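Line by line, the protein sequences give chains A and B. Those letters in the first sequence? Residues 1075 to 1471, by our numbering. Those letters in the second sequence? Residues 91 to 416, by our numbering.
Derived from the structure by calculation, the hints contain no laboratory data. You may find that some hints are simply not true.
What the hints assert, rightly or not - Pairs of lysine-lysine, DSSO-like flavour, derived with a Cα cap of 30 Å:
{"no.": "1", "chain 1": "A", "residue 1": "Lys1345", "chain 2": "B", "residue 2": "Lys208"}
{"no.": "2", "chain 1": "A", "residue 1": "Lys1373", "chain 2": "B", "residue 2": "Lys208"}
{"no.": "3", "chain 1": "B", "residue 1": "Lys145", "chain 2": "B", "residue 2": "Lys280"}
Unchecked claim - Away from chain B, derived, C-beta distances all over 12 Å, residues of chain A:
{"no.": "4", "residue": "Thr1081"}
{"no.": "5", "residue": "Pro1348"}
{"no.": "6", "residue": "Gln1349"}
{"no.": "7", "residue": "Lys1394"}
{"no.": "8", "residue": "Glu1460"}
Quick caveat: nothing in here was measured; it's all calculated off a predicted structure. For every residue, glycine included, the Cβ atom is placed at its ideal position computed from N, Cα and C.
Listed here are the chains, written in short residue letters.
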Amino acid sequence: MSGTRTTIHFLSILIMLVWSAVLLYFYASGRVNAYLPPDGIFRDMVLIAGIGMGIVALFNLFTTQAENAACCDHDHGHDHHHDHDHKEGCGHDHSHDHKDCGHDHSHDHADCGHDHGHKHEGCCGHDHGHAHSHDHAHDHGHVHSHDHGHGILEESAWPGRIAAMLMLVAPLTWAAFNTPDRYSANAVVNKGLYIPNYEDKTNADKFALRQDKPANATKVDRAPPAPTPMPATAIPPPEQFNKAENVAKASPPPPDKAQSYGSFTLEDLKKQVPQSKEGNFILEVPEIYYTGGDLEVQKVITGQFVETTAQVLPEKVNNKNGHRLRVFRLMVQCCAADARPYSIPVDFGKKAPDFKEMSWVKVTGKMTYKKEGDQVVPIIEATKIEETTAPADAMIY
Amino acid sequence: MFFAALPEPSRIGDVLMAFLSIVFEGAPYILVGTVLSGLIAAFLDSRMLDKVLPKNGVLSTFVAGVLGLVFPVCECAVVPVIKRLVQKGLPVSCAVTYMLAAPIMNPIVAVSTLTAFKEFQKVTGWETIGNATMTISRLSLGYAVAVIVGLIVLRFRPDQILKKSVLDGIAKVGADGQHATAPKTSFNAKLVHAMRAAMGDFLDTTMYFTIGVIITSVFNTQVDQSILNDVAGNEWLALPTIMGLAVVLSLCSTSDAFIAAPMAVFSMAAKLAFLVFGPMMDIKLLFMYSGVFKRRVVLALLIGLFILIGCLSEPWMMMIQQLATK
Chain A
1075 MSGTRTTIHF LSILIMLVWS AVLLYFYASG RVNAYLPPDG IFRDMVLIAG IGMGIVALFN
1135 LFTTQAENAA CCDHDHGHDH HHDHDHKEGC GHDHSHDHKD CGHDHSHDHA DCGHDHGHKH
1195 EGCCGHDHGH AHSHDHAHDH GHVHSHDHGH GILEESAWPG RIAAMLMLVA PLTWAAFNTP
1255 DRYSANAVVN KGLYIPNYED KTNADKFALR QDKPANATKV DRAPPAPTPM PATAIPPPEQ
1315 FNKAENVAKA SPPPPDKAQS YGSFTLEDLK KQVPQSKEGN FILEVPEIYY TGGDLEVQKV
1375 ITGQFVETTA QVLPEKVNNK NGHRLRVFRL MVQCCAADAR PYSIPVDFGK KAPDFKEMSW
1435 VKVTGKMTYK KEGDQVVPII EATKIEETTA PADAMIY
Chain B
91 MFFAALPEPS RIGDVLMAFL SIVFEGAPYI LVGTVLSGLI AAFLDSRMLD KVLPKNGVLS
151 TFVAGVLGLV FPVCECAVVP VIKRLVQKGL PVSCAVTYML AAPIMNPIVA VSTLTAFKEF
211 QKVTGWETIG NATMTISRLS LGYAVAVIVG LIVLRFRPDQ ILKKSVLDGI AKVGADGQHA
271 TAPKTSFNAK LVHAMRAAMG DFLDTTMYFT IGVIITSVFN TQVDQSILND VAGNEWLALP
331 TIMGLAVVLS LCSTSDAFIA APMAVFSMAA KLAFLVFGPM MDIKLLFMYS GVFKRRVVLA
391 LLIGLFILIG CLSEPWMMMI QQLATK
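The following block holds chain A by itself, in its conformation from the complex (with noise of 0.2 Å):
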């Protein structure tokens, strides 16, 4: 290969390995985790990426002398049988203009008057531009049909090509060393903190509460719900009850909000979600924003004790007298990029803490639900909070 064909061939295996090298570093770290989800084959094919750009470079490097399938495989219509060889320094120039079209194609190419840049070294000599009839119509004079990997970085002139192989290393090595592996508030506040929408049906089961049951169970077949009795634990009755506009507002929502997904009791509560050794529920706030769209799990849940870890960022609806705060957890369908925050507000009856934005906080407090302009929203009526250390997966996959 000619002196710029093989620099520009080290510089690609060198990019390739700069490639390979970030993802196997943030496989191996773990810190991929902060970016896909387990679930699939998501993470691991970072792993298989860095390996096989690692294959491809090295190949690449060990095969730099060899010969290369492309420069004997042309469709050039001409045969390959001319044993001139192409001498030193002497090459085509594909991109000079042939104006006037007027190159002479039965020259012989020792006072070649062309640069292609390469030579044919260790290749089947043959002949790019003479003795055989083709086709002057067109800007070049000639088309070579070889496949020489033709890309940005051999077409361009130097400018163009480190251009784009700055492209392809700087903003992946700036990445990799200044990602601070989770978002910042501003991001999350983009992401649509604050409009959440309760009422959202189509990703009903996706609250561990459902889990076994069919999210059509249909009217027909469906016994009436049993009564909820009251569990004989420690629990405390819920005060609210005793307070008939709250009993008002955790009955069915008007038409078209949440839905009747089948019966549900108490048990049915118990069954499926961890209790605390204070005997609340523990779960996470997407299944408690999910509880928004569900009848039976809210006239279950209300005024039941559940504990939630979350972050937390200041509450910006519905709060004027500032005795609300916003919980959130991300919740991640196949990369970081498409992260949305699932949030309900934290009601403390009276001035709010003040915490750190961002900060890891369990909440620990009372379900209730509240009708807010058009929608049920959930709302924990918190009892205690308290920083706590962020959870092993900052996002929910």
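Assemble chain B onto chain A, guided by the hints.
Just chain B now, kept in the frame of chain A:
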């Protein structure tokens, strides 16, 4: 990266988060696609494609649209693959149709769409298969649009559609109408060729991909999505807005259904537009396409797909919903 503590979150950090996550998700498939394209470049005999495809241009375009079901490929991998196939003699119309259809007409996307829209539960048997309205609409509209574009491309010559560098790589047909037979080369030489082509294709594709992902990441994390709520209700703005969102978010077709499904402010027709337009045209694809097609073709594709899908989504969705048994 190795020794210092993790940087604090920041606006730039958010962009980097989104950037790296899309890169980690997409780069493996680019590698797969470019290794495949390298192998095609080195090992696929151009005469093979002549034998296999129907001679009739229109018919072969229709066939190309369903090939995604047999040869599934994601949007990141498809561009280098079709570039090589074209260079091996695949008609450009078929290549374009396959390129647009394959990221939608494939089994993985069908399953993820069924799942995201909870359509598995609605389909209890063959009679109720019509209930999977979003999945059926998405796959059928995707196919239709891909074929329409392919048929339009059929009316043009390759040199009007493809970039010069791609054209130059096309195997030439000799004066006697036959592809010249390449001299016999060893397997090893072909493998070397394949790997070098793969490396070149990988770097090309990745460069365009990187530019696109940077832009997407900025929009993804720096633009407040509540803006959407205001436009979604407006019947004239809803469809263009959601299609614009698809372009800017540059999501993978295997999982974009999970993003579209919960967006309750948008109608089903709008979500259909999102799910058909997105896999065909987004920022990263825009850049990847410009490595293969002429600039005006990429622009025409952008505008044409926008108009075509924008106009067809509503009637298409209504039509498919007729099939659903209540």
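Results of checking the hints against the structure:
1. Between Lys1345(A) and Lys208(B) the alpha-carbon distance is near 25 Å, which keeps this suggested pair within the 30 Å criterion.
2. Restraint check: the Cα-Cα separation between Lys1373(A) and Lys208(B) comes to about 24 Å, which is no more than 30 Å; the hinted pair holds.
3. Using a Cα cut-off of 30 Å, the hinted pair Lys145(B) and Lys280(B) holds, with the two alpha carbons roughly 29 Å apart.
4. Every beta carbon of chain B lies more than 12 Å from that of Thr1081(A), the smallest distance being close to 14 Å; the non-interface claim holds.
5. With a least beta-carbon separation of about 26 Å from chain B, Pro1348(A) lies farther than 12 Å from that chain, consistent with its non-interface assignment.
6. With 12 Å as the threshold on Cβ separation, the claim that Gln1349(A) sits away from chain B holds: the shortest Cβ distance comes to roughly 29 Å.
7. Every CB of chain B is more than 12 Å from the CB of Lys1394(A) (nearest about 19 Å), matching its label as outside the interface.
8. A cut-off of 12 Å between C-beta atoms confirms that Glu1460(A) is not in contact with chain B; the least separation is 22 Å.
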